[in-house]
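Chemist: The hints should help you fit chain B onto chain A, whose structure is shown.
Take a look at the letters that make up each chain.
2 protein chains.
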Amino acid sequence: MRTGVIGIGHGKFGRREVTVQELAFEPFREALEDCGLHQKDLDALIVGSSPEYHRQRSLSGVVAEYLGMNPKPTFLVEAACASSSAALAIADAYIRAGIYDTVAVLGVQKMLELSTPEILALMGRVGDVQWESGFGTTFPGYYAMFAHRHMHEYGTTREQLAAVAVKNHHYGAKNPNAMFQKEITAEKALASRMVASPLRLYDCCANADGAACMIVTNEETAKKAETPIWMAGLGSATAPMSVLRREKLSEIPSAIDAAKEAYKMAGIGPKDVDVADVHDCFTIAEILAYEDLGFCEKGGGGRMIEEGETHIGGRIPVNVDGGLKSKGHPVGATGASMAVEAVKQLRGEAGERQVDGAEVALMHNVGGIGQYCFVNIFRR
Amino acid sequence: MRTGVIGIGHGKFGRREVTVQELAFEPFREALEDCGLHQKDLDALIVGSSPEYHRQRSLSGVVAEYLGMNPKPTFLVEAACASSSAALAIADAYIRAGIYDTVAVLGVQKMLELSTPEILALMGRVGDVQWESGFGTTFPGYYAMFAHRHMHEYGTTREQLAAVAVKNHHYGAKNPNAMFQKEITAEKALASRMVASPLRLYDCCANADGAACMIVTNEETAKKAETPIWMAGLGSATAPMSVLRREKLSEIPSAIDAAKEAYKMAGIGPKDVDVADVHDCFTIAEILAYEDLGFCEKGGGGRMIEEGETHIGGRIPVNVDGGLKSKGHPVGATGASMAVEAVKQLRGEAGERQVDGAEVALMHNVGGIGQYCFVNIFRR
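Protein chains in written order, with the working numbering: chain A, 1 to 380; chain B, 381 to 760.
Calculated from the structure, these hints are not laboratory results.
Capping the alpha-carbon separation at 20 angstroms, the derived lysine to any residue pairs in SDA-like fashion look like this:
1) Lys248(A) <-> Tyr154(A)
2) Lys264(A) <-> Asp481(B)
3) Lys264(A) <-> Gly478(B)
4) Lys644(B) <-> Asp101(A)
5) Lys182(A) <-> Arg15(A)
6) Lys223(A) <-> Ile99(A)
7) Lys392(B) <-> Glu402(B)
8) Lys264(A) <-> Ala477(B)
9) Lys420(B) <-> Asp481(B)
10) Lys628(B) <-> Trp511(B)
11) Lys628(B) <-> Gly68(A)
12) Lys260(A) <-> Lys420(B)
13) Lys260(A) <-> Pro451(B)
14) Lys628(B) <-> Pro71(A)
15) Lys260(A) <-> Arg379(A)
16) Lys420(B) <-> Pro253(A)
Excised from the complex, chain A in its bound form (with noise of 0.2 angstroms):
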């Protein structure tokens, strides 16, 4: 038995003037007519999200009467920033278990309607607050000590983790969901703004609204849709919260350990994957994804980018959607976004950004500093 993607919808993401209903109402829709599909037809609802972010509280509850769900069973997952792929692993769950067969997985945030120093607040605190965050650990903090200790160990580059900007920004231009449909310059990059040393303003995603939707189901009902996209690999893992506990700055072991889980289920190694999104929160992290993905040898990820091999017609396509860097990270909603872009990619519908003949499709979406991480592998 294994599971299949029969509809995707997705969100303008950015700042959005809409309620969380609203904004969740898009991609749902969406995905349903993508699939001709009713409400009646789901068996449940599985909201992916970060509630702190919300002035409405019991948001799934919300969102599951303004969607019409009402009476089917409906709940909030959350994993930090890898809550709706959470959300997705559990939905896979159930339809395995054959006690639902069919369900909507939504991915939704409005961070917005809070000001940057509410959201700096909120995410200094997903840190340890016990042990860390009084240190001023927040995420820029984290991945700026991940990035030096990289470039130490490594001689991973400034320019190298421009190159991702600027390779995300490119295919974002392309993206007409994308908070920021530009594209930018090394020169630009360099240039900016400090953040957290190494890391400068365009080494960094942005807090945005979004969400995005998927409606997956059982095997047999998969197998009618015109283009079913199966969930091959599901490889999911955690690693300590503190980096106290870490042995190594340089990775992100949740992130191993995931994607073992996820080759291992679909029964292939990274040399098959046609095409990724990877969790690129900052620069760095996507370097470290390929690392940890077995895209490159340890400590290659810096020459991978630079040798153009994570572009359209390079070896390993990733974030050909702009990534987190140019879409933006409504936190909650990103590992949907990436889910419904793999779709899109194997369904042949991802347009400009498409590559072609893609098979196999992986996301990586880490939670926090990796304390989740989940890895997905979707095939034609």
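Modeler: Quick look at chain B alone, frame taken from chain A:
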């Protein structure tokens, strides 16, 4: 394939001067010791909680690290006051799918590090922020409306409401984990200060810190346990968050739907239930539960408590662990607490509050004002 509960743990509910990680550790260790397992024997940790009450973000990641669960997967599940029931249902899905063999389900909530005004500000936004919260629809307000309507339709009395509080405090006095281990009189309840007419102080449960944990596993492994308890029926449903969209205020429609589903799966009816834990966030809620679960006819809930049918020795003893009313209501931990109490009853380990020969136990966990409801049936 059915899921079995083999380990249980329950911490002390109330005001706890410990971190949320420490709060989680108490029942987790107890549950592991209860079944003789070690962290390495678990495939995942599923945390049920309403995360917004904690200063720590990314709660399941931080808790997983503290509990020694890395690199095993974890995520948090939120469905308001039914969060850990949702977590339990998800664990059941993973196990019945054969994805995980053994899972720890942890309900944990540290509410009292916030001030009462802060908690009220959060709770007030469980109701629909766009259309209802602005009119002052807090929890006591919602349930007060339900109580007035029930009184109007069925002649339910203040004395009957107070009788629920008296019963639950009577049994809570025998529960060492309860926040309030003391009996109260009907006179005291009826004279307590008004919160939201007709609900007085003793009609309301209290905010609390608390945690409870279950180790659940597949049929094969559970059969090796001394007294495995089986998850025989699970039901879950939703209802509109907005009371504006409810047809009746004298019932919780999601509870009726969830109960039907749970009874059907278990192949039993209400008459077969030997002992139940129901969601008495307010005294009226317990009366609604009697009716919604089919323990009595519509409108008969007041009579049922008055005639002692839900005391030990009565037809269906309800909340003989003290209920939310006496145990306190650490929202994310309440479902897990109910499940642990059900297992204790079925194992014959409930001490002074044991219902002799209990073979079937039911739990009814309402999220919010019924936008979620989970009903689970356990069997020896």
